[in-house]
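Given these sequences and hints, build the entire structure.
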Amino acid sequence: MSQLEPDNPIYNVAGAVRLDGALRGELLAQALSEVVRRHEILRSRFLALEGGPCQQVETEAQLPLEDWDLSALAENEKMPAFETRAQDFIRRPFRLDLQPPLRGAWVDLGGERHILLLVLHHMVSDRWSVAVLMQEVATLYQAFAEGRPSPLPELAIQYADYCVWQRGRDAQRQSQLEYWTAKLAGAPPLLELPLDRPRPPQPSYSGEVYRFELSEDLSRQVKQLAGQHKATLFMVMAAAFSALLHRYSGSRDFCIGYPVAGRNRSQVASLIGFFVNTLVLRCRVDDEISFADWLAQLREQALQDQNHQELAFGQLLDALNPPRNPSHAPLFQVMLAVQNVPAADFRMGNLNVSPLTLNNGAAQFDLTLFVDEGEGRLACSFEYAKDLFAAETIARMVGHLRTLLERAAAESKQSLRELTALPAEQYRRIIEEFNATERDYRSRPRLVHALFEAQAAKTPNAAALCFEADCLSYAELNANANRLAHELIGRGAGPEVLVGICLVRSLEMVVALLAILKAGAAYVPLDPDYPAERLRFMLADCEPRLLISRQSIYGHWPEPALASANTLLLDDADTEAAVALCSDANPDAAAMGLAPANLAYVIYTSGSTGQPKGAMNQHDAVVNRLLWAQDQYRLTAGDKVMQKTPFSFDVSVWEFFLPLLAGAELVMARPEGHQDPDYLQDLIETAGVTTLHFVPSMLQAFLPGLEAEKCRSLRQVLCSGEALPAALKARFHEALPKVALHNLYGPTEAAVDVTAWPCQQDDGATPPIGRPIANTRLYILDSALQPVPLGVIGEIYIGGIAVGRGYCRKPALSAERFLPDPFAEGARLYKTGDLGRWRADGGIDYLGRNDFQVKLRGFRIELGEIESRLAACDGVGEAVVVARSDRLGDKRLVAYLTSRSGGELSLGELRQQLAADLPDYMLPAAFVLLPSLPLNANGKLDRSALPAPDTETVLGREYQAPQGEAEAALAEIWQDLLELERVGRNDHFFELGGHSLLALTLVERLRQRGWNLPAREVFALPLLADLAAAIAEDEATDWIPPNLISDAFSLSANTPTEEFRL
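Numbering follows UniProt numbering, with no gaps: position 190 of the sequence shown is 190.
These are computed hints drawn from the structure, not numbers from a lab.
As the structure is a prediction and not an experimental result, all values here were calculated from the model.
Quick reminder that beta carbons are idealized off the backbone N, C-alpha and C, glycines included.
A portion of the hints provided could be inaccurate.
Label-pair restraints from in silico Cβ distances [claimed, not checked]: (1) P326 - A185: 19 to 27 Å; (2) P80 - Q339: 23 to 31 Å; (3) S783 - L152: 55 to 63 Å; (4) Q1008 - N986: 23 to 31 Å; (5) P323 - Q228: 36 to 44 Å; (6) S885 - F823: 31 to 39 Å; (7) G21 - E66: 18 to 26 Å; (8) A580 - S885: 49 to 57 Å; (9) E213 - G848: 36 to 44 Å.
List time: in silico DSS-like cross-link candidates among lysine-lysine, alpha-carbon distance up to 25 Å [as the list claims (entries may be wrong)]: (10) K223 - K413; (11) K230 - K183; (12) K810 - K831; (13) K230 - K413; (14) K738 - K710.
This is the structure:
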């Protein structure tokens, strides 16, 4: 190891003593020389020869002893100067082939005060050896000071003799090897503690020490606890420490290393050498057993270990050959060292001698707990890797360990779950302080549309809603919505009535949404782009009483989903006439019995059972989210908010309604415009947009071609829908330094967002998802719904007013995910399935999912739904879908499948069958055909063994080489973007794994080559040959949207239409 890592300081062991009084330097030097003479190991060099390492003992060797004179420094500078210089001295590497493995420093502090510092290489020493060395120096100095010769007897054996004896015990080692290999079979290679910093690929071994003591009472109680259970102090501390590690990691199976002195024969007690061995404690933790039973289990294991302690740890590693990863130690990364090294009697004449505690600034493992077993208080310390942990985290861990020991000493029959519960102060901080979000909004309207009505009364003539050249004032928008609302009421709309809405983004969409709410009903968005089968299921599932659509959309449905009497087509002449005759006064909410607890909307999300599920949210929750947002983002009459999110995604809720309660202007992006960065920039510039939302993956596609001058009006950008990477945040601030960036989080089952965080420009860190918003509570809990400690990963639960009502007509599923709140009587929690951890500042880090649900480009996807559909496809045997990250960090869906009959599967047919049921964003980017799905030792699917897609396994079309310059250039770009070795002229961009955001990247790559291609062309011409032909011809098409708003609404709007293939 010294040759592999010659500069690694973890192999250096140090000891130091403070010497106050009239010290005779020549006698100290004589004592040190005698110690070196006595112990051959201290005057040895170690050479690397062909036959292996060789020890060469020198006849004489001088101890390298440096002289540090610090006497001239000010008193308050001496010890800090010593500590700084000592750390460098300790960390200095040894050249074992050229110099002895021992060096020292002699420090003059002035005024007859000195320090002796000795450093040995770990190869020839351990902590016991340091104590032997210091004791011998003290004994010899005392004798020489009194004029006596050395009182120490000559050593009967040397360390080399012990090594020779050990090599002769092969038979014993073999039986011990069998014990250890059986015990450690299948042990997890890594204990994943929550880290403050990402684990680097190569550790620096930079370490720090956090020292603490247990009180006299607690120290006595811990020792008594050991006695009561016929255990040692080590066994008690191992039981407590392992329970704590389980609590922090969530792991039920992990290993802890621990050292044993290895001096179980009297002949070696006074030798200097490396006798210590490392043993491994296998911890299989069960929360429900008592501490006493857990202690008994570890006691039995430790006793067995002691009977098999002679096998060197290095030999064990060679035999086990565990997976090696340069980022962490093999087999275990956490150590417990209970030290009972005999106390040295440092009497040196008239000198006042006191040992010094040193820190070499290194850490061999992620975390090591040292406990010094003494008569009084137990002195403890955590040595931790600075690469991974902050001091504040270790301090919290210390507090938690103290609490755990106090509880175990008081009642050892308590379960480990009870013992490891949070200390009272941390519990109060997490449950109460971090959730102190109360805010009183009772003076404001408590219905979504009532907020708009109040604003319309204040600023009737202000612009409320604009789409390209057409605008509606607040008064006009209110009047149009009121007329349609009265028509809906006449057709049976009212509180708790569901009304489906199937429209493209347009002015009439906003009118219809407001009308549904004003009629007391709840709206159900039905995206016209969804496959007919999915729309049919959603309609059958929620059974809306009414459906609002247009003939141009509804007429393309293969068969009517509802009777025509229940469908209100806005462009139907009879409908237009009926609406025109309705009152333009606000409907009376009180008269219809509409209350804040009534439904506002039902938005469908992906479902793990193979079918989507409708999440229900109420007015009071949505109003709370809107009023909090207004407090936070302070929209004014001068603000313009872009609405670009599909209304089947809950972010659209605040886009629609927040500007309309603040007197701001709602700017509608054209349909499909949200996928075109150039169009969005132009709209920001021409409309003067100040506020808009991006899913992070869309923001990533938006920034590369950004012209900052076009975004001068922008004031703030809100991000949600998926994790916001630190690199993306940094690119945003570099591109738009004057624009505020906010990171938000919230599932569809709650009222849009439940946490928020203002991103800082210069911190370089991954932004958290933030703190709970007004009147909302967040908890991070374990599987027993107990709060986890700060920094520890758990599942995110949402409480407070934001929690939705449940899933539409799915009481059993609702009962699984919407639970009684154990921290607030009569309240409910939503179990998100998202993983997170509390930060010390009250923010939450988002850490992914705990199931097979993923977020892709802002859409929440249950992989089980895709798998269910895929398994039903012709010829498919088994199917599994995963989200894989490409080299750029973008996620894409990959389907792995087997053939039912062992024959070929057609990519085109698979995609066609899936596209009939699933929206585009749920279609896998790649299909990998395997002979069989990989299984683990338990016969279960091994997802980690699924191969990355490659040319040999991905289903595709018959290859035909590209022809001509445009095709060749386009193929080259596709290969890079899609990470494929080759692309043919008949290949389909989306079948190969392309998606809307990659299409935008493709357009940007083409622009860099001088080809200006509208993004819509990629969707219209997905075959490489067709797209290349369009590039070669350099055709330009003027696009003029037709009018879709009828005269019944007293407006004219340019809203695009298109053929809807359902």
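Hint by hint, here is what the structure shows:
1. Between P326 and A185 the Cβ separation comes to about 24 Å, which falls inside the hinted range of 19 to 27 Å.
2. A hinted range of 23 to 31 Å for the beta carbons of P80 and Q339 is consistent with their spacing of about 27 Å.
3. The hinted window of 55 to 63 Å between S783 and L152 holds, with their beta carbons roughly 60 Å apart.
4. Remark: the range hint 23 to 31 Å for Q1008 to N986 is upheld by a beta-carbon distance near 26 Å.
5. Taken as a hint, the range 36 to 44 Å holds for the pair P323 and Q228, whose Cβ atoms sit roughly 40 Å apart.
6. The beta-carbon spacing between S885 and F823, approximately 36 Å, falls within the hinted interval of 31 to 39 Å.
7. The hinted window of 18 to 26 Å between G21 and E66 holds, with their beta carbons roughly 22 Å apart.
8. A hinted range of 49 to 57 Å for the beta carbons of A580 and S885 is consistent with their spacing of about 54 Å.
9. Separation of E213 from G848 is about 39 Å and conforms to the stated range, judged on CB atoms against 36 to 44 Å.
10. Restraint check for K223 and K413: the C-alpha separation of about 17 Å stays at or below 25 Å, so the hint holds.
11. A hinted pair counts as satisfied when its Cα atoms are at most 25 Å apart, and K230 with K183 qualifies at roughly 23 Å.
12. For the given pair, K810 sits about 16 Å from K831 by alpha-carbon distance, which is consistent with the 25 Å threshold.
13. Among the hinted pairs, K230 with K413 is consistent with the structure: their alpha-carbon atoms are about 16 Å apart, no more than 25 Å.
14. The straight-line distance between the Cα atoms of K738 and K710 is roughly 13 Å, inside the 25 Å bound, and the hint therefore holds.
Hint check: no violations occur; every hint is consistent with the structure.
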